[in-house]
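*Asks:* Which chain is which? The protein sequence lines are A and B, in order. Heads up: the first sequence is residues 1 to 110, going by our numbering. Heads up: the second sequence is residues 1 to 114, going by our numbering.
Keep in mind that the hints are not guaranteed to be accurate.
What follows is a set of in silico ranges between Cβ atoms, one per label pair, in the way DEER data are often shown [what the hints assert, rightly or not]:
no., chain 1, residue 1, chain 2, residue 2, range
1, A, L74, B, T5, 30 to 40 Å
2, A, A107, B, G72, 21 to 31 Å
3, B, S9, A, S3, 44 to 54 Å
4, B, Q41, A, Q19, 31 to 41 Å
5, B, I54, A, A50, 18 to 28 Å
6, B, V12, A, Q19, 38 to 48 Å
7, A, L74, B, K83, 21 to 31 Å
8, B, E68, A, G93, 19 to 29 Å
9, A, E14, B, R69, 40 to 50 Å
10, B, V12, A, G93, 11 to 21 Å
11, B, I100, A, L74, 29 to 39 Å
FYI, nobody ran anything at the bench for these hints, they're computed from the structure. Cβ coordinates follow ideal geometry from the N, Cα and C atoms, glycine included.
The residues making up each chain are set out below.
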Amino acid sequence: GQSLEQPSEVTAVEGAIVQINCTYQTSGFYGLSWYQQHDGGAPTFLSYNALDGLEETGRFSSFLSRSDSYGYLLLQELQMKDSASYFCAGLSGGYNKLIFGAGTRLAVHP
Amino acid sequence: EPEVTQTPSHQVTQMGQEVILRCVPISNHLYFYWYRQILGQKVEFLVSFYNNEISEKSEIFDDQFSVERPDGSNFTLKIRSTKLEDSAMYFCATQPGQTIPEQYFGPGTRLTVT
């Protein structure tokens, strides 16, 4: 089957750096995406890794290791507005179907 | 900035009734999706739609579900006979093309089946 595992909760303080890990079990994923979702809101795209290595987009970076079936999202210079749920999602199938993990709830404190 | 819109924002229906959820995709996007999220749980893929036909569907997307793009703009999800367990937030998402796997999600329709 296809499944993605990520921690359920992470807590950090403003200005800090936090890493959210994602491990997956599947033979069919060809990329890993990250989405942010604030309470009551829609998922919004953050980052995508098709190849091994690090992708950087501003304060957010994402890493993928296909051989380890592992990726992470790195959030730097945390701000209060970063408090949200973060989902890793594997891309599968011929039409970019997203298979989501259960999400990691990030709480940023002053 | 273009965005995906969905109507209604909240739909309450009785078990066994039919509901139609509507989505207006971003105009130049080619790939369309429906996902659902039961309260407090992860987002689940329902169906993908490309070139006016279903390209892939999940096990959740059984005979009670259907999608269509009747007028080239709206993209609808129909549930023929709703069940209590269909209560969830339903998100429409669109993607510009296959090489750019960034999906744009609409604000969602909260469906409550009583």
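*Asks:* Hint by hint, note whether the structure agrees.
*Replies:* Okay, the hints, checked on the actual structure:
1. L74/A - T5/B: 30 to 40 Å: holds, 33 Å
2. A107/A - G72/B: 21 to 31 Å: violated, 44 Å
3. S9/B - S3/A: 44 to 54 Å: This hint is violated: roughly 31 Å between Cβ atoms.
4. Q41/B - Q19/A: 31 to 41 Å: Between Q41/B and Q19/A, where Cβ atoms are some 24 Å apart, the hint is violated.
5. I54/B - A50/A: 18 to 28 Å: Holds: the Cβ-Cβ distance is about 25 Å, inside 18 to 28 Å.
6. V12/B - Q19/A: 38 to 48 Å: Holds, at about 41 Å.
7. L74/A - K83/B: 21 to 31 Å: violated, 41 Å
8. E68/B - G93/A: 19 to 29 Å: With a Cβ separation near 21 Å, E68/B and G93/A satisfy 19 to 29 Å, so the hint holds.
9. E14/A - R69/B: 40 to 50 Å: Since the Cβ atoms of E14/A and R69/B sit about 45 Å apart, the hinted range of 40 to 50 Å holds.
10. V12/B - G93/A: 11 to 21 Å: violated, 33 Å
11. I100/B - L74/A: 29 to 39 Å: Roughly 22 Å apart at Cβ, these two residues miss the hinted range, so it is violated.
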